[in-house]
Amino acid sequence: DAKTTQPTSMDCAEGRAANLPCNHSTISGNEYVYWYRQIHSQGPQYIIHGLKNNETNEMASLIITEDRKSSTLILPHATLRDTAVYYCIVRPPLGNTGKLIFGQGTTLQVKP
Amino acid sequence: DGGITQSPKYLFRKEGQNVTLSCEQNLNHDAMYWYRQDPGQGLRLIYYSQIVNDFQKGDIAEGYSVSREKKESFPLTVTSAQKNPTAFYLCASIGGQGDTEAFFGQGTRLTVV
Numbered sequence: 001d002a003k004t005t006q007p008t009s010m011d012c013a014e015g016r017a018a019n020l021p022c023n024h025s026t027i028s029g030n031e032y033v034y035w036y037r038q039i040h041s042q043g044p045q046y047i048i049h050g051l052k053n054n055e056t057n058e059m060a061s062l063i064i065t066e067d068r069k070s071s072t073l074i075l076p077h078a079t080l081r082d083t084a085v086y087y088c089i090v091r092p093p094l095g096n097t098g099k100l101i102f103g104q105g106t107t108l109q110v111k112p
Numbered sequence: 113d114g115g116i117t118q119s120p121k122y123l124f125r126k127e128g129q130n131v132t133l134s135c136e137q138n139l140n141h142d143a144m145y146w147y148r149q150d151p152g153q154g155l156r157l158i159y160y161s162q163i164v165n166d167f168q169k170g171d172i173a174e175g176y177s178v179s180r181e182k183k184e185s186f187p188l189t190v191t192s193a194q195k196n197p198t199a200f201y202l203c204a205s206i207g208g209q210g211d212t213e214a215f216f217g218q219g220t221r222l223t224v225v
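Protein sequences appear in the order of chains A and B.
For the first sequence, this note's numbering assigns the number 1 to the initial residue and increments by one for each residue that follows.
For the second sequence, this note's numbering assigns the number 113 to the initial residue and increments by one for each residue that follows.
What the hints contain is simulated information worked out from the structure, not anything from laboratory work.
These numbers were taken from a predicted model, which means no experiment stands behind them.
Just to be clear, a hint being listed does not mean it is correct.
Claimed, not checked - With the C-beta cut set under 7 Å, the calculated list includes, among others, these residues of chain A facing chain B:
#: 1; residue: Y46
#: 2; residue: G103
#: 3; residue: Q104
The beta-carbon is built from N, C-alpha and C at its ideal position, and this holds for glycine as well.
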């Protein structure tokens with residue numbers, strides 16, 4: 001019962017921007033959008049999160065639509081080391097975390 | 113350094129034996145989670161705990177048990193009732209205030225032979 005839908009896989013050329021979409025049409029008003037990535041056989045790593053506004057950090061940018069029903073994670077200059085599975089999840093702020101559900105994620109393959 | 117530690121990294125057990133996977137965090141986090149991951153699949157929630165001495169079933173709790181006697185520890189027992197226990201197991205915790213992110217351990221790969 002994942003609350004998000006992501007494409008199963010995507011390819012990206014090295015040095016180009018990788019745009020990973022996520023649909024979360026049932027998101028509630030107090031739920032944040034989080035992105036994590038998992039490199040093979042390791043624990044997932046936090047990338048970025050947001051509520052309404054677009055966010056940017058040293059790793060990526062997060063674009064959230066005005067209706068908050070979808071978002072896009074942007075890796076501006078993908079490298080081979082960005083090859084991983086990317087998970088988009090939604091959850092409320094602390095104090096009501098409840099289940100933390102991950103979907104299948106998107107396998108991003110960065111190609112030389 | 114604060115973090116979340118899973119041990120051991122690799123674990124082998126004979127079929128029919130119970131086995132307990134360790135998850136310890138020194139982040140002072142209230143919420144802790146256990147996930148199972150099969151090859152090529154996403155993370156599936158087994159159990160979670162939002163506070164000491166309390167825990168809830170996730171989506172695939174059958175054949176597993178947990179305890180939360182201390183804030184920093186959330187061990188997972190894979191019982192003989194779990195039909196297909198071989199998998200990669202991940203533990204996570206969330207704490208702090210507001211919209212903090214989840215921290216994950218590095219996982220335990222359990223192989224039952």
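Each hint tested on the structure:
no.: 1; hint: Y46; verdict: 4 Å, holds
no.: 2; hint: G103; verdict: 6 Å, holds
no.: 3; hint: Q104; verdict: 4 Å, holds
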